[in-house]
Every structure is written in structure tokens, then in C-alpha cells.
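Enquirer: Chain residues, written in single-letter form:
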Amino acid sequence: MASSKLQALWNHPAGPKTIHFWAPTFKWGISIANVADFSKPPEKLSYPQQLAVTCTGIIWSRYSTVITPKNWNLFSVNVAMAGTGLYQLSRKIKQDYFPDAEAAVAKE
Amino acid sequence: MASFRAFWNSPVGPKTTHFWGPVANWGFVAAGLADINKPPEMISGNMTGAMCIYSALFMRFAWMVQPRNYLLLACHVSNETVQLYQLSRWAKGQGYLSQKKEESTSQ
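Top line first, the protein sequences correspond to chains B and W.
Per our numbering, residue 30 is the first one in the first sequence, and the count goes up by one each step.
Per our numbering, residue 244 is the first one in the second sequence, and the count goes up by one each step.
One chain only, chain B, in its complex shape (with noise of 0.2 Å):
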């Protein structure tokens, strides 16, 4: 039956009655304001912060498979920190030490 599924997932130890749950559903806050800052010109983003998200969300992904309860939700949205983390570091390292490849494309 659908509603004892749903049961089930609303009773879950990291289910929505929980800390478990919110904490990690919060943190795509996170990975939705740096995809909101894709846009930004690399001038503006920050190295010590976007290292911060990639190393956070690549040490994180394994924590979260160890903890009590074991916490997928926690999981997927730090493999997405990683993931938005390294694209932003890799469109400041390519404008701060590639500028030649950048002049290339705009003349295009």
C-alpha cells in the first residue's frame, strides 16, 4: 500500500521528523548558491571558500556512510558540493593562470 510506504518514510530515523533529515536538505542551500554563482565573474569568487566546498563535500560523502542512521540524502548532496566546488575552483584557476586560452575564445 502507498500510505505505509509513506508511512514508513516519515517514520524513518533520518526521516522529515528529524534533525537528520533537514541538516543535510538545507546543505543544497549551499550547492544552489554556488550554481547560482556560476554566473559571477571569476574575479569574484573566493579560493579558501570554493576549496572549503570541494574538500568538505569529498570528505563528507564518506562520512556520511558511516554515521548512525547512515544518511543517503547527506551523501548525494555532498558529492554535489564536490562537484559544484571543483567547477568553480576550475573557472578561476582557468582565468587566473590560462588568460591566453580565455583571449583566444573571446576573439571567436
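Just so you know, these hints were derived from the structure itself, not from any lab.
Ideal Cβ positions, reconstructed from N, Cα and C, are used throughout, including at glycine.
Some hints here could point you the wrong way.
[Claimed, not checked] Subject to a maximum C-alpha distance of 30 Å in a straight line, what follows is the list of computed DSSO-like cross-link-like pairs (lysine-lysine):
1) Lys281(W) to Lys335(W)
2) Lys99(B) to Lys34(B)
3) Lys73(B) to Lys123(B)
4) Lys73(B) to Lys281(W)
5) Lys335(W) to Lys73(B)
6) Lys123(B) to Lys69(B)
7) Lys281(W) to Lys69(B)
8) Lys99(B) to Lys258(W)
9) Lys123(B) to Lys281(W)
10) Lys69(B) to Lys121(B)
11) Lys73(B) to Lys121(B)
12) Lys121(B) to Lys281(W)
13) Lys34(B) to Lys46(B)
14) Lys46(B) to Lys99(B)
15) Lys335(W) to Lys69(B)
16) Lys121(B) to Lys335(W)
[What the hints assert, rightly or not] Examples of chain W residues toward chain B, derived with CB under 10 Å:
17) Val272
18) Ser287
19) Leu327
Assemble the complex: chain B is given as a structure, and chain W must be docked to it using the hints.
Expert: Showing chain W alone in chain B's frame:
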């Protein structure tokens, strides 16, 4: 020596991911402090605002998770402080906090 050994072998010690996860999160605090004197135009309101809500929620998470994680709790208390400060700098730079002046950009 004995207390170091206890720490080294602790179920939330440096041989476990329960230690390194929170250590990674101190990166946010370090990044915030590194950026503390940057001009407010360089601060991302999106990211800083998200960080403030995130650290508030994770203070609670650190308390409730098994095993309870005081290192993570300390990290998020610190991050909340740093990020709120950065958020106030950003807001001031945007003109959101200048209530005494008549000519505020938010009006």
C-alpha cells in the same frame, strides 16, 4: 601521554572519519577568516546566507548524531559566528543596514 593515547584510539578520533569530516568543515571557518578583510563587494550574499542557515542546522545535527560529535559542534558554532559577521559586512555594503540615513539604496 595516557590522554593522548585515549584520544588517538577514541571511536571519534583521528583514525576515524568521525574526526576528519568535522576537520574538513573547519575549512569553512578558515576560509571565512581568510576573507575577513576582503572588500564587501567580493562577498557572496548567496553563499554567506546559505552558510548561516547551514551551520545553525548542523549545530543541532552534531548534537543528535550517533556518535555525538563535539568537534563538529564547535566547528559550526565558530562558522556561524564568522559567517554572520561576513553577512553583516555584505549587508552593510549593499545598504541594507543603514537605517538612520534617509537615502538608503534598499528604498
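Enquirer: Look at each hint and say if it fits the structure.
Expert: Hint check:
no.	hint	in the structure
1	Lys281(W) to Lys335(W)	holds (14 Å)
2	Lys99(B) to Lys34(B)	holds (19 Å)
3	Lys73(B) to Lys123(B)	holds (14 Å)
4	Lys73(B) to Lys281(W)	holds (11 Å)
5	Lys335(W) to Lys73(B)	holds (18 Å)
6	Lys123(B) to Lys69(B)	holds (14 Å)
7	Lys281(W) to Lys69(B)	holds (17 Å)
8	Lys99(B) to Lys258(W)	holds (19 Å)
9	Lys123(B) to Lys281(W)	holds (22 Å)
10	Lys69(B) to Lys121(B)	holds (10 Å)
11	Lys73(B) to Lys121(B)	holds (9 Å)
12	Lys121(B) to Lys281(W)	holds (17 Å)
13	Lys34(B) to Lys46(B)	holds (16 Å)
14	Lys46(B) to Lys99(B)	holds (16 Å)
15	Lys335(W) to Lys69(B)	holds (20 Å)
16	Lys121(B) to Lys335(W)	holds (27 Å)
17	Val272	holds (8 Å)
18	Ser287	holds (6 Å)
19	Leu327	violated (16 Å)
This entry does not satisfy hint 19, going by the numbered hints stated previously; all others are met.
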